[in-house]
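Undergrad: Sequence:
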Amino acid sequence: MKLSIEDLQAYLFDHYGGWATEQSMFMKLVEEIGEVAEVLNKRAGRKATDEEDLQEQLGAELADMIHYIVAIAAINDINLARIIVEKDRKASVKYKHKTNFETFLFTQNHT
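End of the sequence shown sits at 110 in numbering that gives the first Met the number 0; the numbers just go up one at a time, nothing left out.
Because the hints were derived from the structure by calculation, they are not lab data.
Owing to the predicted nature of the structure, the values given are computational and were not obtained by experimental measurement.
Hints may contain errors.
[As the list claims (entries may be wrong)] Think about it this way: if two alpha-carbon atoms lie no more than 20 Å apart in a straight line, the pair counts; the simulated SDA-like pairs of lysine to any residue are:
{"id": "1", "residue 1": "Lys97", "residue 2": "Asn78"}
{"id": "2", "residue 1": "Lys89", "residue 2": "Leu104"}
{"id": "3", "residue 1": "Lys46", "residue 2": "Met26"}
{"id": "4", "residue 1": "Lys41", "residue 2": "Phe25"}
{"id": "5", "residue 1": "Lys27", "residue 2": "Asp76"}
{"id": "6", "residue 1": "Lys27", "residue 2": "Glu51"}
[As the list claims (entries may be wrong)] Label pairs and their computed distance ranges (CB to CB):
{"id": "7", "residue 1": "Glu85", "residue 2": "Glu50", "range": "41 to 51 Å"}
{"id": "8", "residue 1": "Ile65", "residue 2": "Gly17", "range": "37 to 47 Å"}
{"id": "9", "residue 1": "Trp18", "residue 2": "Lys95", "range": "38 to 48 Å"}
{"id": "10", "residue 1": "Leu2", "residue 2": "Thr110", "range": "34 to 44 Å"}
For each residue, glycine too, the CB sits at the ideal point set by N, CA and C.
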């Protein structure tokens, strides 16, 4: 299944809009960052593990981070997809990348 940032943002606005605050969403994001750090520490052998599927856990925690990042954008009416493309375009020029995200997407959609 393909999903878009716009679709996720619309869904999360429908879910959180009108009652969630950016502060509460940010605190959840920080919590999820800590959970990603815990999984990465287990993968690196710095923390004990009980034969858990760390790959699956890492994916789940990264998904949670994306959820709260996009939710913060949604409740603040920020067009995250547009800003991602704009920031990447500027970074591509600044760091002299051979392509940028917008060109990559265009190429992928026309091959």
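Undergrad: Taking only the CA atoms, is the gap from Lys97 to Asn78 under or equal to 20 Å?
TA: violated (26 Å)
Undergrad: So if I understand the rule, the pair passes when the alpha-carbon distance is 20 Å or less; does Lys41 with Phe25 pass?
TA: violated (25 Å)
Undergrad: Return holds or violated for the Cβ distance of Leu2 and Thr110 against the range 34 to 44 Å.
TA: violated (20 Å)
Undergrad: So if I understand the rule, the pair passes when the alpha-carbon distance is 20 Å or less; does Lys27 with Glu51 pass?
TA: violated (23 Å)
Undergrad: Lys46 and Met26 were given as a pair; does the straight-line alpha-carbon distance stay at or below 20 Å?
TA: violated (24 Å)
Undergrad: Given a hinted range of 41 to 51 Å, is it respected by the beta-carbon distance of Glu85 and Glu50?
TA: About 44 Å separates the Cβ atoms of Glu85 and Glu50, which means 41 to 51 Å holds.
Undergrad: Run the distance test for Lys89 versus Leu104: straight-line Cα separation, threshold 20 Å.
TA: holds (16 Å)
Undergrad: At the C-beta level, are Trp18 and Lys95 separated by a distance inside 38 to 48 Å?
TA: For Lys95 against Trp18, whose Cβ atoms are near 45 Å apart, the range 38 to 48 Å holds.
Undergrad: Are the Cα positions of Lys27 and Asp76 separated by 20 Å at most?
TA: Status holds; Cα separation ~19 Å.
Undergrad: 37 to 47 Å was suggested as the range; check whether the CB atoms of Ile65 and Gly17 agree with it.
TA: violated (22 Å)
Of the numbered hints listed earlier, those contradicted by the structure are 1, 3, 4, 6, 8 and 10.
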